[in-house]
Every structure is written in structure tokens, then in C-alpha cells.
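Q: This is what each chain is made of:
There are 2 protein chains.
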Amino acid sequence: MTRPIKVVQYGVGPIGSAIVNLLSAKQGIKIVGAIDIDKEKVGKDLGDVAGAPRPLGVFVSNDADEVLAKAKAEVVLHSTGSYLNVVSPQILKCVKAGSNVISTCEELAYPFETNQKIALQLDRLAKRYGVTVLGTGVNPGFIMDTLPIALTGACQSVTQVSVTRIVDASRRRLQLQRKIGAGLSPEEFQRLVQERKVRHVGLEESIRMIASALGWKLDRVEETVEPVIAEVDVESQFLKVENGRVAGVKQFGRGVVRGREAITLDLQICVGAKEPGDSVVIEGVPPIDVTIKGGLHGDLATAAIVVNSIPKVLKAEPGLLTMKDLPVLSAIP
Amino acid sequence: MTRPIKVVQYGVGPIGSAIVNLLSAKQGIKIVGAIDIDKEKVGKDLGDVAGAPRPLGVFVSNDADEVLAKAKAEVVLHSTGSYLNVVSPQILKCVKAGSNVISTCEELAYPFETNQKIALQLDRLAKRYGVTVLGTGVNPGFIMDTLPIALTGACQSVTQVSVTRIVDASRRRLQLQRKIGAGLSPEEFQRLVQERKVRHVGLEESIRMIASALGWKLDRVEETVEPVIAEVDVESQFLKVENGRVAGVKQFGRGVVRGREAITLDLQICVGAKEPGDSVVIEGVPPIDVTIKGGLHGDLATAAIVVNSIPKVLKAEPGLLTMKDLPVLSAIP
Chain Y
804 MTRPIKVVQY
814 GVGPIGSAIV
824 NLLSAKQGIK
834 IVGAIDIDKE
844 KVGKDLGDVA
854 GAPRPLGVFV
864 SNDADEVLAK
874 AKAEVVLHST
884 GSYLNVVSPQ
894 ILKCVKAGSN
904 VISTCEELAY
914 PFETNQKIAL
924 QLDRLAKRYG
934 VTVLGTGVNP
944 GFIMDTLPIA
954 LTGACQSVTQ
964 VSVTRIVDAS
974 RRRLQLQRKI
984 GAGLSPEEFQ
994 RLVQERKVRH
1004 VGLEESIRMI
1014 ASALGWKLDR
1024 VEETVEPVIA
1034 EVDVESQFLK
1044 VENGRVAGVK
1054 QFGRGVVRGR
1064 EAITLDLQIC
1074 VGAKEPGDSV
1084 VIEGVPPIDV
1094 TIKGGLHGDL
1104 ATAAIVVNSI
1114 PKVLKAEPGL
1124 LTMKDLPVLS
1134 AIP
Chain R
804 MTRPIKVVQY
814 GVGPIGSAIV
824 NLLSAKQGIK
834 IVGAIDIDKE
844 KVGKDLGDVA
854 GAPRPLGVFV
864 SNDADEVLAK
874 AKAEVVLHST
884 GSYLNVVSPQ
894 ILKCVKAGSN
904 VISTCEELAY
914 PFETNQKIAL
924 QLDRLAKRYG
934 VTVLGTGVNP
944 GFIMDTLPIA
954 LTGACQSVTQ
964 VSVTRIVDAS
974 RRRLQLQRKI
984 GAGLSPEEFQ
994 RLVQERKVRH
1004 VGLEESIRMI
1014 ASALGWKLDR
1024 VEETVEPVIA
1034 EVDVESQFLK
1044 VENGRVAGVK
1054 QFGRGVVRGR
1064 EAITLDLQIC
1074 VGAKEPGDSV
1084 VIEGVPPIDV
1094 TIKGGLHGDL
1104 ATAAIVVNSI
1114 PKVLKAEPGL
1124 LTMKDLPVLS
1134 AIP
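Protein sequences appear in the order of chains Y and R.
Each residue of the first sequence is one higher than the one before, counting from 804 in our numbering.
Each residue of the second sequence is one higher than the one before, counting from 804 in our numbering.
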């Protein structure tokens, strides 16, 4: 019998809860601590907070330092926010406690150019403490970066990488529906876009990860955020969008190389999207045109990717790594 | 300026030639030797033999020992045959010369169960000499193993992996058309199948690689080889298949886990295949249904995968590795 891997869950929101549920179904993993600042959750059993079928005998604490010091976890699964300048102090705590970190922080997926200073600091400290830090998830982390990169591995040369992802947010969590502005008026939407409160985070990171993998030097990265306006009344489990109001977001990212749109990422997330699906088109020799029917389910896949990363991160060299540095993930038993 | 990577090409048949052509278009790579036993090729310039646009200043030799000793190559690209018991002495020579090896030998893609003794010997010797040995290509090596494995990385759990690949051999090399029995009578086909001269090699290796990645214990692997009979006259660049004769091969592999067909690989390669394409279906949470429109071009992709493996193999730990052990490949500039 091998000793189980000790894991701490940092952040028990919707994604953290999905991770906890998955962890509790996996062999060889022991959850030894849980951190969250929400007063409604602190002191409660992690299983109850995460909606697991049974209590887990681990209680949610708001004292990260104490949990991390006591747990001596091999790996902390971190899921508290999208912005690296906000969450990096939390990640640094984990590193200093000697734990590897796998985080769903979108800006951590490929932070070397967008958050250079924090990236360098994380890398340096991770190496000093002999641990690995990884940012991952379904997007960024898989569908718009790692998967297209992996497909280019079968190409003699590549001239363009284009990814389209259309997500029907009706099936997704309320938090995501809010993030995409569902239910807002077009004016409210524009204001929240200006305040960067409505948008998908990570498109630029995906573009920069692809460019780096292909050895391309980017002139610039451009990004636009537009509303998808409902043309009929549409409804999700959580909210209703009336005809003429915002059903979601249409976000477009372009990586320009030598004046040419070499990388284009087209993301639409809206309540009631008619033809959800993912597609990756590589222009190259040979060309590759891939379709994922119906699209990959975001919340399920993000929890899966985080948990499936654990054995690879434990074997990886110390430092701040990205998905393109790790061996191919696979579903762990 | 970084020093170019020194490469030897071992085997200058159709695949070896495709590799040489691609190598000569890549930055940072220098071909320093070429080995082939074909009297028509020995002594000639590698560029001429491989059909490159210009001579390469490297002459094909049939003296492997001499070439390997003189070249001191960082990596040997090996492409001489499908069967490991036939080609392993060649690979061992490369290892003993201190070179990493990337081979298109199909049985090397995942040899730990099908050629256990040779696999152990290669692994032990590679570690002793501090080099890495990898078997790869489009199939086995990518479309029916590494790609489905990578897709399961987004799954919380997996119950079945099914891959279908339909290849129109009209666009492929004559050697491949012969390997699939194109033009034979059904009786000749059956005889050559019995002699194992007509078949795709590597299906079992792909099944075993997937099972290993998913931590599945296989009860057994089954394989059937059947002819595809032409229903009209069909023609390729090289040969003509009359109505009623064999257009190609339909090969089906099943990996049985706890009495259930958990892995199914369905491969059809024939001249005039009507709907070429690749599909990967993962039954799991979430399910994933991927289609590659028109299918991935085999000869182009195999050369690409071999060459794109070079930087990963140079960085990898010593020993006999497989594609699931390496970081995600990407097209090198």
C-alpha cells in the first residue's frame, strides 16, 4: 500500500466544492484541511459545505497559516479568484508551507508576460522551497491552449491557430452566469465591462501560452468584449433573460505575429446558446480541424483537470510551471 | 546563438526521407550522418536520396557503427522497421554510442507488455548510457493513444475509450498500400494475414498504453484483421484495385477490462475510403466526442511528431519512455 497523498483545499466556492467532491471519490488521496473566509462555511464539515454525500471529518477554517502548517500537505488545490495580484499572497503562503500548489486562478495559467513580477517571485520561491506551482482549469488550461498546442505536435509547420468555444451557460453555475452579465441591460453590461467585472479572464494568457509553445514572438494581443443580446426570452435554473437584454458575453482575442492574426480565440458564453461546441483549427502542414461535439463541460472538466494534475505536479521539477511543461494528463482512477 | 542539435537519420525509406526533408527546414538542427543498407542509396548525398530540394553534404553509409561513433549525435531518428525484435539491435547500437533515440518502430510505442524482455533491456541500457529512447509516430504514438489519453485528462471518470480512424490510402505511399493488401484477391489477403505480412502494427501497443495511463488492468487484448473489398474499381497513384478485390484492411482492437470492452480501436485503411476521418469518443464524466475532419494525414504527421519530439526527448530523463511520459509536443519553429 502506498501512503495516500495529503491534500488541502483552499477556497470552497463552487469550483472548490466540485474539486472536493471529486477528490473524495479518488483512490489514494486524503483531504487533510480546508480553508475559506466565508463565515457561513467556517467551522462546518467540508463534506456538508461542498455538498458531498457524507461528512469528510475535515472542518473549514479561515486560518490559512494554521491549516497549512498543521496539514503539511503534499499539494494545495487553490480556487479563490481569477486575478493573480489578489491571490498570489495566498499561493505564496502555500509555497512557504512547503506544499505544491495547483490553482484555478485564470491569470496563473501563463503569467510570465501579463504578471511578470509575480510570476518571477512565485517561480523563485517555489524553487527555493522545492515545490511546483501550476495554474490550470478547462479554460484557460485546456481547451483554448493545451489542446491546440498538443495538436500542433502533429504539424510540420503552423501558420494559424484558431479556437472557437460556444458555451450554453444555462447548464453552468450562477456565479458564472453573473460573470458573463446574463440578465443585464446592454448599458449595465458596457459599464461592467469598463470596470472589468464582466468578462472571461484568461484569454490573453491562453494566447501567450500558444505563442510561447510555437516559438512565436507576439507583436501584440488584442481583446474585445461584446454582449450577446437575447432575441427571445431565455431562462436558466437561476435567472431569466428577457428579449433585448444581455444573454452573455462574446469575447474575442487575437495574437498578432508579424502583423498577422496568427492566433484567434473566439469565446461565447451565454444563457441559451444555440449550438454549443468547441472547435480547434490549425492552419499548417498538415492542417487539422477538430470539433468537440456539444463542447466540453466547463465545471466538470475544471475539477477533473485540477485533480488529474496532482500526480504530474508531484513528479514535476520545482518552480512555476504551466500546462505545456507537464506530461499529458490522464484521468486518475 | 545556441549550438545546433546534431542528428543522425537511421533508415532513409519513405518515412526517413520525409523526416530528413522536415529536418532540413528546421532551425537549430544539423544532420550529421545517415544510415541505410540499400545499395541504391549508400554513398549518395542524403538530400538526393530523400528527394530534398538541395544536396545536404551528408552521405548515406551502410556502416552504422562508424557513423554513430563519428557523429556523436545528440539524437538518432530511427525508421527502419515495425518489429522490435528485428530493429532493437540497431537501437541498442545508438544507445551505446551515447545518442538519444526517437524511433518510428511501431512496437516500440508501448513495448512493456508485448516485448517485455527487449523493453527492459532497452530501458536498462538507456539509463546506463544516460540517454532517452522513445517510440512514436502518428499511429501508434498519437491518434489512437496519446490524443485519447490527453482528452481523458479533462474527465472526472472514464468508462470507455473508442477511437475510429478511416484512412484513404490513395493519398499515401506505395509501401503502405502494399502493407494493407490493396490489389490482392481475398484469398491472397487471408494468406498474408496468416503470415502477419498484411496488417497495421501497433494497435495492441496503443490499447496497452491507454490502459496503463488510466490505471486499468487488461484481462486481454483481442485483434481482428479483415479485408475491405472494393465494390467498384478504385485507383491510386500507384495501383488499381478491381471490383471484388481487396481495397485495404479493416482492423479492430479491443481491450477487455473486467469482462467489458473498455477500449476499442477501429482502424480502416483502404484505397478509395469514402469518408476518411478520425474520431475519439470518451464515455465518462463529462463525456467527450471529438472528430478530426478528414483525418490526420499519416505520413506528414509522423515526420512532424518525430521531429517535434526532439526538444522534449533531449530534456527528458534517461530510459525507455513513451509518449504519455513526455510533455505535450508542439510544432517547433
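It cannot be assumed that every hint is accurate.
Which copy? The list can't say, so a pair holds if one copy fits it or any two copies do.
[Claimed, not checked] Taking lysine-lysine and the DSSO-like style, the derived pairs with C-alpha atoms no more than 30 Å apart in a straight line are:
(1) K829 to K1020
(2) K1020 to K1043
(3) K1077 to K873
(4) K1020 to K833
(5) K1020 to K875
(6) K1096 to K1118
(7) K1118 to K847
(8) K1020 to K809
(9) K1000 to K930
(10) K1127 to K842
(11) K1127 to K829
(12) K896 to K809
(13) K809 to K829
(14) K896 to K873
Calculated from the structure, these hints are not laboratory results.
Q: Now tell me, hint by hint, if it's right for this structure.
A: To see whether the hints hold, each was checked on the structure:
| no. | hint | verdict |
| --- | --- | --- |
| 1 | K829 to K1020 | between (41 Å within a copy, 17 Å between copies) |
| 2 | K1020 to K1043 | neither (44 Å within a copy, 48 Å between copies) |
| 3 | K1077 to K873 | neither (49 Å within a copy, 63 Å between copies) |
| 4 | K1020 to K833 | between (43 Å within a copy, 24 Å between copies) |
| 5 | K1020 to K875 | neither (41 Å within a copy, 33 Å between copies) |
| 6 | K1096 to K1118 | neither (33 Å within a copy, 36 Å between copies) |
| 7 | K1118 to K847 | neither (33 Å within a copy, 46 Å between copies) |
| 8 | K1020 to K809 | between (40 Å within a copy, 25 Å between copies) |
| 9 | K1000 to K930 | neither (34 Å within a copy, 53 Å between copies) |
| 10 | K1127 to K842 | neither (38 Å within a copy, 43 Å between copies) |
| 11 | K1127 to K829 | both (25 Å within a copy, 21 Å between copies) |
| 12 | K896 to K809 | within (17 Å within a copy, 44 Å between copies) |
| 13 | K809 to K829 | within (12 Å within a copy, 45 Å between copies) |
| 14 | K896 to K873 | within (13 Å within a copy, 53 Å between copies) |
Checked against the numbered hints above, the structure breaks hints 2, 3, 5, 6, 7, 9, 10 and satisfies the rest.
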